[in-house]
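Engineer: Listed below, chain by chain, are the residues.
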Amino acid sequence: MNENEKIMTEAESLSIISGMINRARNRFSETGTLYLLWGWVILVCCISQFVLIYFLKYPKGYQVWFLTWLAVIYQFIYLAKIKKRRTAKTYTDEIAGFVWFTFMICGVIMVFILIQLKAYESINPLILVLYGMPTFLSGIILKFKPLVTGGIICWLLAILSPFINYEYQLLLLACAVIAAWIIPGYLLRAKFKKEN
Amino acid sequence: MFKELDPILHAPLRLAVISLLLSVKEAEFTFIKEKTNSTAGNLSVQISKLKEAAYIDVTKQFRNNYPLTICKITPKGVDAFENYVKALQSYMHLNN
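Taken in sequence, the protein lines are chains A and B. FYI, in our numbering the residues of the first sequence are 2 to 197. FYI, in our numbering the residues of the second sequence are 146 to 241.
In short, the hints are calculated from the structure, not lab data. The structure presented is a predicted model; accordingly, all values stated were derived computationally and were not measured. One should not assume that every hint holds.
[As the list claims (entries may be wrong)] Which chain A residues face chain B? A few, computed with CB under 8 Å, are given here:
| id | residue |
| --- | --- |
| 1 | Met-9 |
| 2 | Ile-18 |
| 3 | Ile-22 |
| 4 | Thr-88 |
| 5 | Ala-89 |
| 6 | Lys-90 |
[Said to hold, decoys possible] Covered by chain A, per the in silico footprint, the following chain B stretches (three or more residues, Cβ under 8 Å):
| id | segment |
| --- | --- |
| 7 | 153 to 161 |
| 8 | 165 to 173 |
| 9 | 231 to 237 |
Where is the CB? At the ideal position from N, CA and C, for every residue including glycine.
Could you put the whole structure together from the sequences, leaning on the hints where they help?
Structural biologist: See below:
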């Protein structure tokens with residue numbers, strides 16, 4: 002009888018089961034990179050559009066948002082790299098991925114509808130409502146409080162936005178990405194470095 | 146009456162592999178090897194036995210010309226694991 006077939010006691014069996022489940026569960030795979038990428042890109046876009054509209058009186062300030070296409074390209078390259086390096090896929094990774102996918106689809110459809118309806122001034126307040134959803138849910142899934150708080154801050158800023166002029170709504174959006182993505186992004190990165 | 150322990154699961158490395166695969170959606174051979182602290186040869190043998198029992202699905206792919214083995218627990222494997230834990234519990238009750 003080799004080592005693999007040796008008789009185990011009930012206690013030994015239970016200790017193997019709980020040990021393995023913990024080893025898989027404690028694996029924290031969120032590096033925060035995409036939170037930081039999108040946080041900084043959106044922040045730069047918001048502030049630039051605000052400066053162009055408010056100080057330089059340039060009406061086509063929205064053109065800065067074309068910068069997001071570069072972020073999309075970088076994201077595809079980054080995700081392909083991650084996929085190559087990953088040796089196990091957890092249920093958490095999968096659900097968190099789908100939450101962000103849902104957010105992206107909803108965001109694109111919503112902006113498309115609002116542009117068709119020429120309701121340009123509703124875009125930022127509704128984007129704030131939408132930002133809160135994946136941020137809050139990711140916080141719950143990853144058991145990471147700064148993201149939960151970030152999601153709630155997005156919703157509070159969304160409630161505030163109808164009472165604020167269009168140009169200043171861009172600054173609310175900037176506050177939202179700092180609270181929901183940039184700060185949690187750095188905290189996630191620090192947590193990842195500490196645990197891996 | 147106490148239930149009989151499933152001989153396929155009642156072996157340290159096979160039980161470790163099944164417990165690990167229960168917590169993740171899928172895992173590569175290298176991940177399982179690292180987490181279970183086993184040797185490649187021994188792990189291959191045990192993975193084959195679990196596959197023969199249809200407790201896990203094993204797919205082989207290539208990545209950058211290197212072979213890649215991906216393992217995933219099957220519904221039959223999950224049932225077997227549940228029954229194993231129930232059987233363990235009945236043993237524990239008898240001993241207490």
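Engineer: When the hints from earlier in the document are held up against this structure, which numbers fail?
Structural biologist: none
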